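**Student:** Sequence:
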Amino acid sequence: MTVEAKTTVQFTRLERIARLLVSALPLAILLSTSALHAADQTLPVFADVTQDAGITAKHSYGDDRLTNIVEGTGAGAMFFDYDSDGWLDIYLPCGCWLPEVNDNRGRKYRDKLANHLYRNNRDGTFTDVTDQAGVGDKGYGVGTSAADFDDDGDLDLYVLNYGKNVLYRNNGNGTFTDISEQSGLDDSHWSLSAPWFDFDGDGDLDVYVVNYLEFDPRFRDYYAPQGYPGPRSYSGQQDALYRNNGNGTFTDVTETAGLINPDGRGMSGTVADLNNDGLLDLYVTNDAMENYFYRNTGNGTYVEEGLIMGLAFGEGGQNVSSMGPAVGDVDRDGWLDIYIPDMGYGCLLLNREDYFEDQTAPSKLAVICGQYIGWGGVLFDYDNDGFLDLFVANGDAHREYTEEDVLLRNDGTGVFKDIAADSGDYFRKKYVGRGASSGDFDNDGDIDLLVVNLNDTPRLLRNDGGNKNNWLTVAVKLRGGKSDAVGARVTVKTGDLTQIHDVMPVTGYLSQADPRAHFGLGRAEKVDVEVRWPDGATTGLKDVSANQILMVEQDAK
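Each residue of the sequence shown is one higher than the one before, counting from 2 in the numbering used here.
Derived by calculation from the structure, the hints in this document are not laboratory data.
Note that the structure is predicted; figures quoted are calculated from it, not measured.
Each statement offered as a hint is correct.
Below, in silico cross-link-like pairs of lysine-lysine (DSBU-like), each with a Cα-Cα straight-line distance of 30 Å or less: (1) Lys165 to Lys139; (2) Lys543 to Lys494; (3) Lys431 to Lys59.
When you get a sec, could you build the whole thing from the sequences and use the hints?
**Tutor:** Structure, rendered in structure tokens:
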């Protein structure tokens, strides 16, 4: 198979004895032979291009004053290519005025707020095509995700609301049709996140809907300085797994899949092969209680093992307010790790095969992030040196008190350094941050950011300089070359360094990122690539050239 023909991945698992010996050595020694991190040290900066790009939508929670947990939850953001032109578009959920949620003074917003879709014009600007596309839902929008559930080659749009969710089928001509009711996905719980994946291996995408809590507007018993009642004041809601029936409808299979946990207060969820057995596991972060890790048994059912895997609680064992999980191989050992922002220090949980080890303090993340309330976390290689860095959007939970966002560079030894102050004017300002997404919206080889701020305009941050190092972006497509291979694993090997990426765009807090797998290559000009497809088959490529967006189609010749 040639590079021009569409292609990709490789990953070797170390033997346990080798891993035990290696883990005793300083990671700095392990990486000393790698030329990747010795690459160009002129670090990138982020330019706030929101206004120049034409992004004018403003998030609203349906009122002018924050008075309850529905309003304070905020919203996420999504990068996705809705028109299949190879350029990332943007979708932004928005709240609305609801009499059971908002104060009477917010009535001026009634029927005036809606979600927004922005089409990428391929020149650094975007056009608001919400009305043209028919996706300006006026419900209380919180989260969003997109997937080609009907396998017709274009991405369908799922909007998560306080109230009934909305499923829009992409018509393939720039417009969408609301099929919420007939599809069975008009879940009326308070939904925040919805990762799509093929849980039963039948070739079409199913969806796991993360639900939050039962908000009671009449409950007003709380500590006054807190501003309003917190999550422990309300009962949780059951999440739901919906099986795709292949005919435009879905069936709730939560119980038969072993996923009943009615007391969960789900904040967000993601899917990844966390134990390297070729099966996609579920990880759900909950508010003010333990998190859930559902191990995939391979027979259509899951077993909850959060506690025994070290994934249930925060750095001190307490019930933290976990936000959205970001997944990536932070220490480049071939096992996926997890970072979770929260109202304390955040948690960096490194995968040790049989359990996850909290490395928040040794990585220096505790001392940097402990002063903030973190929401949207993004693991991404912003400088293309081969190691995952971290962005966190911060903001107060119960007041519109602003905080700085943080940008943390992975030095290749498992230690992060706060480099926000040198990374652009954006980081010298403060916001009430919530969701955050990442993607290469200008297709220049470095990863940009999209940040949602509570009751404020979002910020589109263009990465300037990340492509000074070499890079490779891999777009993996199923047979026929139309649909993204959600759930595939892409592996890229450059010299001593092996990088893995599970194609699961729903990540972080209420958000969805670029579905393409991006790899920083440092100075490497050739790489070996392997794709493990959702059905277990593999495609391998040797000596792939750097600095390109590589299309890899399953079984392409």
